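Asks: Protein sequences appear in the order of chains A and B. Under the numbering used here, the residue at position 187 of the first sequence is numbered 171, and the numbers go up by one with no gaps. Under the numbering used here, the residue at position 319 of the second sequence is numbered 303, and the numbers go up by one with no gaps.
I should point out that these hints are in silico values taken from the structure, not numbers from a laboratory. Be aware that one or more of the hints could be misleading.
Straight-line distance between alpha carbons at most 20 Å, and here's what the computed PhoX-like set of lysine-lysine pairs gives [what the hints assert, rightly or not]:
(1) A:Lys242 with B:Lys246
(2) B:Lys68 with B:Lys126
(3) B:Lys9 with B:Lys322
(4) B:Lys228 with B:Lys262
(5) A:Lys322 with B:Lys119
(6) B:Lys68 with B:Lys19
(7) A:Lys99 with A:Lys19
(8) A:Lys9 with B:Lys155
(9) A:Lys126 with B:Lys125
(10) A:Lys120 with B:Lys322
(11) A:Lys125 with B:Lys246
Negatives, chain A to chain B, calculated, CB over 12 Å [what the hints assert, rightly or not]:
(12) Arg(-14)
(13) Val21
(14) Met26
(15) Gly61
(16) Asp223
(17) Ala237
(18) Pro275
(19) Asp291
Remember, it's a predicted structure, so these values are computed and weren't measured experimentally. Glycine included, C-beta positions come from ideal geometry on N, C-alpha and C.
2 protein chains.
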Amino acid sequence: MRLLFLGFGTVGQGLAELLIEKEQKLRDENDLEVKVVGIGDMLKGSLYNPNGVDLKGALEKAKAGEKISDLPDAFEGDALELIKATEADMMIEMTYTDIKTAEPATSHIRAALEKGMHITTSNKGPLALNFHELKKLADEKKVKFLYEGTVISGTPLLNLARETLAGSDFKEIKGILNGTTNYILSKMEEGLGYDEALKKAQELGYAEAVPDADVLGWDALAKVTILANTVFGADCKPDDFSCKGITEITAEAIKEAKSRGKRFKLIGKVWRDGDAVKGSVAPEEIDMTHPLAGIMGATNAVTISTDTLGDVTIVGPGAGRVETGYSALIDIINAGGKR
Amino acid sequence: MRLLFLGFGTVGQGLAELLIEKEQKLRDENDLEVKVVGIGDMLKGSLYNPNGVDLKGALEKAKAGEKISDLPDAFEGDALELIKATEADMMIEMTYTDIKTAEPATSHIRAALEKGMHITTSNKGPLALNFHELKKLADEKKVKFLYEGTVISGTPLLNLARETLAGSDFKEIKGILNGTTNYILSKMEEGLGYDEALKKAQELGYAEAVPDADVLGWDALAKVTILANTVFGADCKPDDFSCKGITEITAEAIKEAKSRGKRFKLIGKVWRDGDAVKGSVAPEEIDMTHPLAGIMGATNAVTISTDTLGDVTIVGPGAGRVETGYSALIDIINAGGKR
């Protein structure tokens, strides 16, 4: 399986590490021979060689903050030109998410699908805004359009819903979809004020300097939209759903809820209401006996309410270099390997 | 896909209900046409018709406590004769678990594999005692040997480990593998004594009149052995592992642990120790911040420690008629459907 990387930031590098480390395992257990033939990165430059590029070398260069285009097989041209020039079986789309325009990722994916490549992406934009167009194109081209990393990182929620729970009908999916806000709420329960807890999250790299996307619920909203479009088959945009973040929750309210056996969590959810699919993001008081209540810190967790098993909950990391890189590995094995 | 049911008790009936209810969904979404051609049950009698038996009729008879062999297509002969006579693509082995001998289930599975049928079973005996022999035979015959229902019912732990987490290495799998004991411990934390809590579990049908298999840890031990053999590739028997139940835990000990931020859980676990695979069942004090600590009542939960994602936990039902029936449906789709 020949791979083209688009985006060689932390997540792309995490995947590259896994591919190097697990080369033998993939061959032995999954009957999968992987070769990276192209890497494109806006800042680090691009490589292309139909017989395989120097992945280890590229990883070293990227980690040292140097351009990968200093290596042999440098490719001159932008991402779309690279896709056009590349003969590959699968494209790994890991460029930066722009949730307003879903570009340039959507154009990358469209171009690669047109060429008959399978896709894996961790980019929320194309999934939240252009899922059905891209899925249709993938179906026409008889290739797989996979996106495990777009919701709670490599924790395999989407695979679980699509494959492992096949045959089930889902009534609702709800969960803690954003680790940053869950970390802040956990710290506030320990006695910190909102500003202190946010500062601590920023120091640890969980929160950005401008934390709006997390604390106002927009990141969770994108994931809710993705779940609505992919798992529930809806055709929704983020604006279709109500969204409220955690900025109005006080330490007092957390304490008071606790005295009643409840805990505040920022909950993203999608559910069926007759033929309609509804979604929302908002803080909710979760009963202490619910599996979601015990999820503290930056961990994510999602409960799927099914007709076959009742509630099934999956708990795991919601971010991380190798963790999100692994989401692409799941998809690569799914597209080309034996399990 | 032509199915042969062996065992038509509560779990077999749960699966039959699902197959009837989801006939259209399986056809539309999984490209799977299912037909039950045979049913064998020691008490209820047997049916066989290569063009399909009357599944709805059999379900009604079984629910009314009547013999299914009153219906057309009655088959005269025991289970092995039925397997021999039947042309089917997959056998559903749901007879009673005998964890000491693994019979007659092992003989049923062996005979069906010899005839080239895929297998799904919820029977712990053959998995705990004869896994490698049966897996080898299945590989030789190029058919699937699946057993999702043997560990925590239909909650898809084994599928998650084998397929969804493909490419990962596992360091440890540990969890609450027995709902009855978890229910008893939960009730004891609410203030009931052990005897009272056990009585309540018996009233609700969670515990048997002779509760040893649950409270002494044997049921969890069988599941630990299955995880060791299937996920970790070991060749172990239940006797290879230490096993301690919950009968020595007092209400006072539970209270005292709680004051230290801990909660007693009966934990089954399997882990790698160098090249060896170790396992055990014993009560453990789990930190309240761990996802397993929050699992109360009859629910099951398992944490898989991976090299790719760190800890991933799955929480869901550990028993139930339709829930365990669904474990076979997962396997049927896996063997013959599209996902």
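Asks: Each hint needs a verdict: does it hold in this structure or not?
Replies: Each hint, compared with the structure:
With a CA separation close to 18 Å, the supplied pair lysine 242 of chain A and lysine 246 of chain B stays within the 20 Å bound. Between lysine 68 of chain B and lysine 126 of chain B, the direct Cα distance comes to roughly 19 Å. Compliance with the 20 Å bound is thereby established for this hinted pair. Of the pairs offered as hints, the one joining lysine 9 of chain B and lysine 322 of chain B holds, with about 12 Å between alpha carbons and a cut-off of 20 Å not exceeded. Straight-line distance between C-alpha atoms of lysine 228 of chain B and lysine 262 of chain B comes to about 15 Å, which keeps the hinted pair within the 20 Å bound.
Restraint check for lysine 322 of chain A and lysine 119 of chain B: the C-alpha separation of about 17 Å stays at or below 20 Å, so the hint holds. Annotation: proposed proximity of lysine 68 of chain B to lysine 19 of chain B holds, straight-line Cα distance about 18 Å (limit 20 Å). Note on lysine 99 of chain A and lysine 19 of chain A: the hinted pairing holds, with a Cα-Cα distance of about 18 Å set against a maximum of 20 Å. Of the supplied pair hints, the one linking lysine 9 of chain A and lysine 155 of chain B holds, its CA atoms being roughly 16 Å apart against a limit of 20 Å.
With a C-alpha separation of about 30 Å, the suggested pairing of lysine 126 of chain A with lysine 125 of chain B is violated against the 20 Å cut-off. In summary, the hint linking lysine 120 of chain A to lysine 322 of chain B is supported, as the alpha carbons are separated by about 18 Å, within the 20 Å threshold. In summary, the hint linking lysine 125 of chain A to lysine 246 of chain B is not supported, as the alpha carbons are separated by about 54 Å, beyond the 20 Å threshold. At the 12 Å boundary, the C-beta of arginine -14 of chain A stays outside the reach of chain B, the nearest C-beta of that chain being 18 Å off.
The beta carbon of valine 21 of chain A is kept farther than 12 Å from every beta carbon of chain B, the shortest such distance being approximately 20 Å. At roughly 27 Å from the closest C-beta of chain B, the C-beta of methionine 26 of chain A stays outside 12 Å, upholding its exclusion from the interface. At the 12 Å boundary, the C-beta of glycine 61 of chain A stays outside the reach of chain B, the nearest C-beta of that chain being 32 Å off. Every C-beta of chain B lies more than 12 Å from that of aspartate 223 of chain A, the closest at about 29 Å, which supports listing it as non-interface.
Against the 12 Å criterion, alanine 237 of chain A stays outside the reach of chain B, whose nearest CB is about 22 Å from its own CB. At the 12 Å boundary, the C-beta of proline 275 of chain A falls inside the reach of chain B, the nearest C-beta of that chain being 5 Å off. At roughly 9 Å, the least C-beta separation between aspartate 291 of chain A and chain B is not larger than 12 Å, which violates its mark as non-interface.
When each numbered hint is compared with the structure, violations occur for hints 9, 11, 18 and 19.
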